[in-house]
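Peer 1: What follows is each chain in one-letter form.
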Amino acid sequence: METVLQLLISGVLLGGVYALGAMGLNLIFGVAKVVNFAHGEFLMIGMYAAYWLWKLTGLNPYAGAPVILVFGAAIGWIFYRCLIRYTIYKTEMTQVFATLGLSIVLQNFALMLFSADFLTVKVFTADWESIPFLGGYVSTTRLVSFLFAAVAMVLTLLFMKRTYTGRAIEAVSQDLSAARLVGIDVNKVLTVAFALGIGLTVLAGGVLVPSFYAFPTVGSSFVLISFVAVVLGGLGNVAGTVAGGLILGVIETLVGYLEPDLKEATHFVLLIVLLAFLPNGLFGVGGAEKEGLK
Amino acid sequence: MNLHRIDYRDGDALGAVLLVAIAIGLPFAVADRFYLNLLFLILLYGGLASAWNLLGGYAGQFSLGHTAFFGIGAYSSTLLYTMAGVSPWLGALGGMAISMALAFLISYPVFRLRGVFFAMATIAVGETVRIVLLWYRRIADIPYGISIDYKPGFGRMIFAEPRSYALMAGIFLLLVVGVCYAVSRSRAGYYLQALRDNEDAAQAVGIDLRRYKLIAFLISAAFTSLGGTLMAQYVLYIEPSTVFNTTISIDVALMSILGGIGTLWGPLLGAAVTMPLQEFLRDWLGSAGAGAHLVVYGALLVVIVMLLPQGIVGAWKDRSAKRRRHGGQHARG
Amino acid sequence: MLEVKKLSKRFGGLTAVNEVSLSVAKAEIVALIGPNGAGKTTLFNLIAGAMPRDGGEVVFDGRNLPHQGSAATCLAGLARTYQIPQLFTSMTVLDTVLVAGLCRGSSIRLARIEAMDVLARVGLAGREDQASSTLTISGKKRLEVARALATQPRVLLLDEVMAGLNLSEVNGLLETIRELRAGGMTILLVEHNIDAVLNIADRVIVMDQGRKIADGLPREVLSQPEVIRSYLGDGYAVA
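Residue numbers (my numbering), protein chains in the order written: chain A, 1 to 294; chain B, 1 to 333; chain C, 1 to 239.
Bound-form chain A, shown alone:
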């Protein structure tokens, strides 16, 4: 029984960070209806950014979180203005392949600059690496990462529900023309959504690097994880993504315990199953069904 509890806790902690990464994706996909296959690469950028921040200034990712977030938002803003803006009115195929191309560029750029070495940031000394929690031991980094992710998500949710811009983002995600008709500056909203979405993703990467290794292709696994979390929670439903991420973290941890070699396949299988049988996700808010089915 203890093991199950351990696994659950581990899973939730992992899921929290997944949720943060997926939140960014949901913001972008849900709002701008833009497919971003390069999503994982922004997570990777976050990891490298955190690593180099630590290397150059000694600031660990947790202390440097605000810096990483702002950095991420800036990148998101640039990304939107230089590329995405032009793909919005093009066909889906164009968006898919354009962001796919970007993903290849970013992955290999990282490879060129940083080589294929696996990097991580050691935040806590050996004594503090794991701490007692609810009867078992948990990795400190995972716990702290989770806490950061949780705070970031709560703040984002508050932003979405309580501020004008946040609600404008929700409006645009539900009906772009209607939003325009009520006077919302759609272009500005999209830019903010992007900056925020990418910012959160980069932050997620930064917060992940103490627990996970950074390497150029690390993004590939995360992009699918994020998509699954988003579909699980329901497209456009930002709060649902949180649940989706947590569930995903738990499932992955459980499978990883039972059959480690198949752990990676969990996400893929789950995605196929979800898209095929539960496209609205678990919370049935016009998810893939409205957008994705015929």
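Since the hints were derived computationally from the structure, they do not count as laboratory data. This one's a predicted model, so the numbers in the text were calculated from it and none came from an experiment. Hints are not guaranteed to be accurate.
[What the hints assert, rightly or not] If you want a taste of the chain A side facing chain B, the calculated C-beta under 10 Å gives, among others:
1. Thr57
2. Leu106
3. Leu275
All C-beta atoms in this analysis are idealised placements derived from N, C-alpha and C, irrespective of residue type, glycine included.
Since the structure of chain A is provided, determine the placement of chains B and C on it from the hints.
Peer 2: For chains B and C alone, coordinates are given in the frame of chain A:
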């Protein structure tokens, strides 16, 4: 498919002759080893891209998981040969059968999905097959990388001459393009075009969407699988990371898009441009650091898809259509 | 020819079509009218098999038609057009009609010849090679009708086929519809253009908020107080 039901048009015969000249003639015309290797790759990928194009261009379903079928083909023929002595010619058929079975299995859930989600689902399928193979490999104690002994023999699909391989690839290309041609000029071709343009309206005129998407999918999967076998027999070594590789999935899609999606010549043209380009980039930038050539490659993908989404053939068709329209304007009024 | 019994459709809490029954005799032209949101297009979609029913039956030429999707309905002999033309964007005018004709099993050559014939009947002769997306709205509507005709239906469902057309275009289309009926075609059409309805319909059925509220000869139905009330509100319903 009844050959009488193919809607032959003027100019088709000429195109066929040209294609045969390329696929069969060039392998004999080229002598240099390096160029024969390049020719093999162009012809093989031309066929692979054409197979993808049947599903992606004609039926409008963009798969990014075709490497699954490629890998299945490569592993099926190789395992059957190295473990049971079965000739790769037969092994290829085995691979095709398995690939078609997989395609059939996933068709029900994935065809309900629109564009992006379909792409994601196919990526997921591609990766799942790879992971399942890795897992199975450990259980069945199959080595990570499998080599095929170099023992030339037609029955073993191993050739001493690179020319023979190029010729085999050429015949593969002819086969795939031939089938694509037959499909596009038949009722299925019209149906695929209709369902690509507007699924609801297509259904309203009696088109069974699932059936025709499935036909395109099965043919596409089968030929991709065959291509995998051919590649395995050429390189004589396979491992999961080389035959179950997302890059393959992206490449066949990219070539079709670059050359002209939904056209007969597009995929081959795309392969003819992309393969030498990849070689060139590797040569030029290989020294600049690992991955430099891929940065350029990725950037090219972005540029092509943003500026020339209909590909080379598509753009050429557009221009000649415009010229025709302007010329005929007086006649129409 | 076509009989609809207590057809219903619900979308969550909204009952879009509420136990609607109607019948159309062979070679009859019946118009379905009603204010926006009455459920007319939904009813069409139900009959055409484009969406599953929540209740009721569709009987076509004496045979019960279970819900099997719009492709099966088309093959059974019921063709429909769309309110907003749903064209095959990459096809020429000829190919659009050709592909519809293929469902009857003809070879492509034969389907092509038949398509040219159909195009002539709707007045699009000479435009065969034109890209369908470049047609005017009148042309697109005619193309929709041609495409539906190519499937050799016995019943034609026309959804607001007059919308967006000017007077002469409307008259032209009415003429075509009359010719179709003369050839034995049964037609059920949704229309907002009351003049056109009075001009051509043998019978008029009125829907409001998912229910059928009137069914009879055009002039009689249009003077019924409930019908007037449904369009203009209580203030105008003078008996």
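Peer 1: Close enough to count: is the Cβ of A/Leu275 nearer than 10 Å to one in chain B?
Peer 2: OK, holds: A/Leu275 within 10 Å of chain B, min 5 Å.
Peer 1: Tell me if A/Leu106 is really an interface residue toward chain B, meaning its C-beta lies closer than 10 Å to one of theirs.
Peer 2: 8 Å, holds
Peer 1: If you take the shortest Cβ to Cβ gap from A/Thr57 to chain B, is it below 10 Å?
Peer 2: Hint violated; A/Thr57 Cβ to chain B Cβ min 26 Å, cut 10 Å.
When each numbered hint is compared with the structure, a violation occurs for hint 1 only.
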